[in-house]
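Can you build the whole structure from these sequences, using the hints too?
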Amino acid sequence: MLLIYSILPAALLHNFPCSGVIFSLFLIKQSDSYLSATFLCLAAIRYICCLTQQILNLLYTMKRFMKHPLGIIALLSVVLITSCSKDSAEPDPSMGYIQLASGFAAGTSTHVEVYATDSAFTGYNKLYILLKDSVTGKPVDNAAVLLNPMMAMMSMSHSSPKENPVSNIAVNHFFPCSVSFIMPSTAGTWTLGVQIQNLENGKSGTASFTINVKDPFYAKMFSFKSLADNSTTYFVGYAEPSKPIVGINDLELVIYKKESMMLFPADSSLSVMVTPEMPTMNHGSPNNVDPVHVINGHYKGKVNFTMTGLWRLNLKLKSGTTVVDSTHYIDLTF
Amino acid sequence: MAALVHLLVPGHAQAKHITGKTTDSIPVVQLEEVKVYGLAKNTNQQLLHYYTANQAATTEDILARLPELNMIRRSSYGMEPVIRTYSSGQSGLLIDGMRIHGACTDKMDPASIYVEPQNLQSVQIQTGHGFQSGSVIGGSVDLKLAEAVFNDSGKWSGSVSSGYQSAANAWYETGKLNYSGNRLAVMTNISWRKAGNYRSGGGAVIPYSQYGKLNYGVTALYKLNPNWTAKADLLLDDGWNIGYPALPMDVGYAGARIAALSLRNESGRGRWQQTELKIYANAIRHFMDDAHRLNVPMHMDMPGESRTYGGYASSRLVINSNTQLDLKADLSSTFLKASMTMYQQGQSPMYMLTWPDNNTLQTGLGAVFSKRINSASVLMLSARADLFSKVLTTQTAKDQLSVLNKPVNNVNRFLKNISLEYSYRFNDRVKLKTVLSYSERMPTSSELYGFYLFNAFDGYDYIGNTLLIPENAWKAEANISGKSGIFQYGLTGYVSRINNYIMGIYQPGLSTMTIGANGVKQHSNLPYAMIAGAEASLIVQPDHALWLINTTRYSYGEDHAHNALPMIPPVKNTSSLRKMIGPCAVQAELELATAQNRVNSKAMERTTAAYAIAHLRLMYSGALAGNSFRIDGGVENLFDQAYREHLDWGGIHRPGRNIYLQFTFQF
Numbered sequence: 005m006l007l008i009y010s011i012l013p014a015a016l017l018h019n020f021p022c023s024g025v026i027f028s029l030f031l032i033k034q035s036d037s038y039l040s041a042t043f044l045c046l047a048a049i050r051y052i053c054c055l056t057q058q059i060l061n062l063l064y065t066m067k068r069f070m071k072h073p074l075g076i077i078a079l080l081s082v083v084l085i086t087s088c089s090k091d092s093a094e095p096d097p098s099m100g101y102i103q104l105a106s107g108f109a110a111g112t113s114t115h116v117e118v119y120a121t122d123s124a125f126t127g128y129n130k131l132y133i134l135l136k137d138s139v140t141g142k143p144v145d146n147a148a149v150l151l152n153p154m155m156a157m158m159s160m161s162h163s164s165p166k167e168n169p170v171s172n173i174a175v176n177h178f179f180p181c182s183v184s185f186i187m188p189s190t191a192g193t194w195t196l197g198v199q200i201q202n203l204e205n206g207k208s209g210t211a212s213f214t215i216n217v218k219d220p221f222y223a224k225m226f227s228f229k230s231l232a233d234n235s236t237t238y239f240v241g242y243a244e245p246s247k248p249i250v251g252i253n254d255l256e257l258v259i260y261k262k263e264s265m266m267l268f269p270a271d272s273s274l275s276v277m278v279t280p281e282m283p284t285m286n287h288g289s290p291n292n293v294d295p296v297h298v299i300n301g302h303y304k305g306k307v308n309f310t311m312t313g314l315w316r317l318n319l320k321l322k323s324g325t326t327v328v329d330s331t332h333y334i335d336l337t338f
Numbered sequence: 020m021a022a023l024v025h026l027l028v029p030g031h032a033q034a035k036h037i038t039g040k041t042t043d044s045i046p047v048v049q050l051e052e053v054k055v056y057g058l059a060k061n062t063n064q065q066l067l068h069y070y071t072a073n074q075a076a077t078t079e080d081i082l083a084r085l086p087e088l089n090m091i092r093r094s095s096y097g098m099e100p101v102i103r104t105y106s107s108g109q110s111g112l113l114i115d116g117m118r119i120h121g122a123c124t125d126k127m128d129p130a131s132i133y134v135e136p137q138n139l140q141s142v143q144i145q146t147g148h149g150f151q152s153g154s155v156i157g158g159s160v161d162l163k164l165a166e167a168v169f170n171d172s173g174k175w176s177g178s179v180s181s182g183y184q185s186a187a188n189a190w191y192e193t194g195k196l197n198y199s200g201n202r203l204a205v206m207t208n209i210s211w212r213k214a215g216n217y218r219s220g221g222g223a224v225i226p227y228s229q230y231g232k233l234n235y236g237v238t239a240l241y242k243l244n245p246n247w248t249a250k251a252d253l254l255l256d257d258g259w260n261i262g263y264p265a266l267p268m269d270v271g272y273a274g275a276r277i278a279a280l281s282l283r284n285e286s287g288r289g290r291w292q293q294t295e296l297k298i299y300a301n302a303i304r305h306f307m308d309d310a311h312r313l314n315v316p317m318h319m320d321m322p323g324e325s326r327t328y329g330g331y332a333s334s335r336l337v338i339n340s341n342t343q344l345d346l347k348a349d350l351s352s353t354f355l356k357a358s359m360t361m362y363q364q365g366q367s368p369m370y371m372l373t374w375p376d377n378n379t380l381q382t383g384l385g386a387v388f389s390k391r392i393n394s395a396s397v398l399m400l401s402a403r404a405d406l407f408s409k410v411l412t413t414q415t416a417k418d419q420l421s422v423l424n425k426p427v428n429n430v431n432r433f434l435k436n437i438s439l440e441y442s443y444r445f446n447d448r449v450k451l452k453t454v455l456s457y458s459e460r461m462p463t464s465s466e467l468y469g470f471y472l473f474n475a476f477d478g479y480d481y482i483g484n485t486l487l488i489p490e491n492a493w494k495a496e497a498n499i500s501g502k503s504g505i506f507q508y509g510l511t512g513y514v515s516r517i518n519n520y521i522m523g524i525y526q527p528g529l530s531t532m533t534i535g536a537n538g539v540k541q542h543s544n545l546p547y548a549m550i551a552g553a554e555a556s557l558i559v560q561p562d563h564a565l566w567l568i569n570t571t572r573y574s575y576g577e578d579h580a581h582n583a584l585p586m587i588p589p590v591k592n593t594s595s596l597r598k599m600i601g602p603c604a605v606q607a608e609l610e611l612a613t614a615q616n617r618v619n620s621k622a623m624e625r626t627t628a629a630y631a632i633a634h635l636r637l638m639y640s641g642a643l644a645g646n647s648f649r650i651d652g653g654v655e656n657l658f659d660q661a662y663r664e665h666l667d668w669g670g671i672h673r674p675g676r677n678i679y680l681q682f683t684f685q686f
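First to last, the sequence lines map onto chains D and Y. For the first sequence, our numbering assigns the number 5 to the initial residue and increments by one for each residue that follows. For the second sequence, our numbering assigns the number 20 to the initial residue and increments by one for each residue that follows.
For the record, the hints were derived by calculation from the structure and aren't laboratory data. Note that beta-carbon positions come from the ideal geometry of N, C-alpha and C, so glycine has one too. Be aware that one or more of the hints could be misleading.
Label-pair distances were calculated between CB atoms; the ranges are [to be verified]:
| # | chain 1 | residue 1 | chain 2 | residue 2 | range |
| --- | --- | --- | --- | --- | --- |
| 1 | D | Thr-140 | Y | Pro-368 | 27 to 33 Å |
| 2 | D | Val-327 | Y | Gly-538 | 48 to 54 Å |
| 3 | Y | Trp-190 | D | Pro-283 | 24 to 30 Å |
Below, a sample of chain D positions facing chain Y; criterion: calculated Cβ distance under 7 Å [as the list claims (entries may be wrong)]:
| # | residue |
| --- | --- |
| 4 | Val-250 |
| 5 | Gly-251 |
| 6 | Met-266 |
| 7 | Asn-291 |
| 8 | Gly-313 |
| 9 | Thr-337 |
No farther apart than 30 Å at their CA atoms in a straight line, the calculated lysine-lysine pairs in the DSSO-like style are these [claimed, not checked]:
| # | chain 1 | residue 1 | chain 2 | residue 2 |
| --- | --- | --- | --- | --- |
| 10 | D | Lys-247 | Y | Lys-425 |
| 11 | D | Lys-218 | D | Lys-262 |
| 12 | Y | Lys-390 | Y | Lys-126 |
| 13 | D | Lys-320 | Y | Lys-425 |
| 14 | D | Lys-322 | D | Lys-130 |
| 15 | Y | Lys-297 | D | Lys-306 |
| 16 | D | Lys-130 | D | Lys-247 |
| 17 | D | Lys-304 | Y | Lys-425 |
| 18 | D | Lys-207 | D | Lys-322 |
| 19 | Y | Lys-591 | D | Lys-304 |
| 20 | Y | Lys-417 | D | Lys-247 |
| 21 | D | Lys-306 | Y | Lys-126 |
| 22 | D | Lys-207 | D | Lys-229 |
| 23 | Y | Lys-126 | Y | Lys-598 |
| 24 | D | Lys-304 | D | Lys-320 |
See below:
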């Protein structure tokens, strides 16, 4: 009984004010009106407290709005608009993306559009292919898409690492894929071949685009010759976080091996250690998780940023116990 | 307005006493010259009154005189009062019962800076446990604001004063105006201070020790009926260009907006007495920067803000002439946010939250049951329960704090406090009082959520820990006091064991945020710590014109591994001899402190040398055209000693010889 009288109401009351009411009813039944009144009061105080806070929060939010005379009008119009308008049209799937290239794939009656979240840069580029029926303009959601990036330099040409769409079915009308351009267009001309097999009309063909690839201000990809054999070349690209926040971020790196000028398969053999650092401040961040290989050369881990600004991810790569590279880093700013 | 000589009653665990039985409390410590406004209303004994030996004194100077208080000094402005050696998180600091949370992550703005001596009516100190102020283990200080006065002699009254202090080339101007009607009384006051860099003992000028501030407010009383009075307070404070020599940053602007409305019943009749209902709100803004510092690797701004809303209801139930029950219910909601932005040319600004946006909701219920058992003994039983809910209010705050790998959901705690006080009066010469208490306290927002807060004292960055459990303390306190002939004495001893003691623990794996910091410490619960100490006082009063007051205080603290706790002051003794000669008074003071060599090396604490300093003060009161005036003058640190107290940060010496003169005119 003592337990009920002391611990239970106290513990419950904080999170569930209603328990105070219930408990007081229980006490009334036990004909203990003084205690009953006490707990009713406590519950009431708690309710008032919550209510006050809500009101104050509301007032504060409104106050910020009301500071500007237009704020009141804006507030009212928002209420009016949200209650009246109803958008029935399907949103344009390419909203928020930049179109890198577009053109027809000859003989397929299909218009090919290449989108990305940013203009093409040296490094791991996530691309989104949108196919449209050239007659109706409607998106083609069922197609096999193959990428063929090619760099034409004066005396030679080479390809680059890429990821074809994993499925023939578009996601939200887009075929997600990637190309890791390993050098900028200043060295030659990047051509992106998009070979499609339109499974809706059964036609196949290829569209070819010239892509202007620029070096980003902070390099997003680097290559190194393995210290283990001094010959194998690896490419390491930064994929995520694309929108870093102050907090815990999902870190994703991609690693490719150069087998030939045309072949850059994904690599899953390395282990990666990442040490974030603010170069201007000389400090790091706590509780990072080193990325480990998940699939197709993608290594996933966690990177923590304690403030905005310029961050440097110092990388150390190992093959087994042998350090294959420890001199590179990736900078990012937000 | 009557100037009275009043005695202090320190060392009491509770501020309130059985009605009408307060007169037998034996005054122990200090002679105070106070102005008591509206004395007739002041039936409830105010514990402490204010020290105006130096009219140019700041509130901090006054608080530093009180034997239970120590001041942590980071600059000549904004000293942080702490009770005994409990930290500010362990004790409460309120203004007129209102919770005011500083907006500075470095504790540069304790609430005491918003009260100037002229709007301070009294200081209430509780050292037992906090019935009045919340769940605290060290005690609480409540700075009562001066009120408007119902004055029989005239509708308008007031005072102006002007003063100068040589050590900091400082000016201090005040003005006060009181209107008294039949039912309405309004008082408004303003004080302005401007100080340059001060000259420390021996002649060295301390850079970045300047400050300027303006404090102004209005308070009104309205008699609704013979029993009930309504009161409104508005208190504003603006500080600018405040230097903090012991810290790497200064304050460009600091502002406080404090408002309160209350209703109270002071009829002193009926079963329910001294009922008070109050609601209040305050907003503090604080802008810290290092714009004026030289050789800074990277400039940064650190603004902070705090907003508190709250209210309380208190009353006294008189059960019979020997038994009473004091009740108080209070709630408050405090929002805190502070951030830091650093600028490096050619880069995007580096921004982070140093106090991720957080809100503290507190609800408390307290009761003090007092019973006079017989003519010699009184028993008091106090209890208080508090519900705390601390929450991170934005996703940004949660995201950022989650980096520390601790949960970021609500921190809900239920805190319990209980104390038992027994006092026994053997005779006029000996009165004994004992208190036994158990109390708990909520971890502060800095301790829970602080994000790489640089502590200039030990040079470490501090990070919060949302898994902290509340500290709890067992405390015993005994006080013996009495009066014999021309002597009055008081002796208080206390010992407390604080379980789950919260302290920063070095985390070798973490990298510092602040350039040049020694490392990162995370607030953690130590098994326990012990804090003990004693305060003694002696008053000798051979006649009405001569007083000698002597106070001594001593503290001791150690953690579970018997290491010294940091910030424990050594023995300090203050003597004050005052002689009244007609309209003049002469006062000689001597401050003695022993060396503190028992320091905490992990906190990089430095030892402090013993010192002895003397002050000489002169006062003259006169009349001029039917009005009174007063001249205060004197020399502080007469022999220009280079000294510092142990709780002073940064090894910076205190002001050297300071000649001051203050002229006050009352009408």
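The hints, checked one at a time:
1. Thr-140(D) / Pro-368(Y): 27 to 33 Å: violated, 49 Å
2. Val-327(D) / Gly-538(Y): 48 to 54 Å: violated, 28 Å
3. Trp-190(Y) / Pro-283(D): 24 to 30 Å: violated, 47 Å
4. Val-250: Given a least distance of 5 Å, the restraint on Val-250(D) holds.
5. Gly-251: holds, 3 Å
6. Met-266: Violated, about 39 Å.
7. Asn-291: Since the shortest Cβ distance to chain Y is 4 Å, the answer is holds.
8. Gly-313: OK, holds: Gly-313(D) within 7 Å of chain Y, min 3 Å.
9. Thr-337: This interface hint holds because 5 Å falls under the 7 Å limit.
10. Lys-247(D) / Lys-425(Y): holds, 23 Å
11. Lys-218(D) / Lys-262(D): Since the Cα atoms of Lys-218(D) and Lys-262(D) sit roughly 21 Å apart, the hinted pair holds (cutoff 30 Å).
12. Lys-390(Y) / Lys-126(Y): violated, 40 Å
13. Lys-320(D) / Lys-425(Y): It holds: about 27 Å lies between the C-alpha atoms, which stays within 30 Å.
14. Lys-322(D) / Lys-130(D): holds, 26 Å
15. Lys-297(Y) / Lys-306(D): Violated, because 50 Å separates the two Cα atoms, which is more than 30 Å.
16. Lys-130(D) / Lys-247(D): holds, 13 Å
17. Lys-304(D) / Lys-425(Y): OK: Lys-304(D) and Lys-425(Y) at ~22 Å, within 30 Å.
18. Lys-207(D) / Lys-322(D): violated, 46 Å
19. Lys-591(Y) / Lys-304(D): violated, 61 Å
20. Lys-417(Y) / Lys-247(D): holds, 17 Å
21. Lys-306(D) / Lys-126(Y): Judged against 30 Å, a Cα distance of about 34 Å means the pair is violated.
22. Lys-207(D) / Lys-229(D): Measuring from Cα to Cα gives roughly 43 Å; hence the hint is violated.
23. Lys-126(Y) / Lys-598(Y): With Cα atoms ~39 Å apart, Lys-126(Y) and Lys-598(Y) exceed 30 Å; violated.
24. Lys-304(D) / Lys-320(D): holds, 15 Å
The structure does not agree with the numbered hints 1, 2, 3, 6, 12, 15, 18, 19, 21, 22 and 23 stated previously, though it agrees with the rest.
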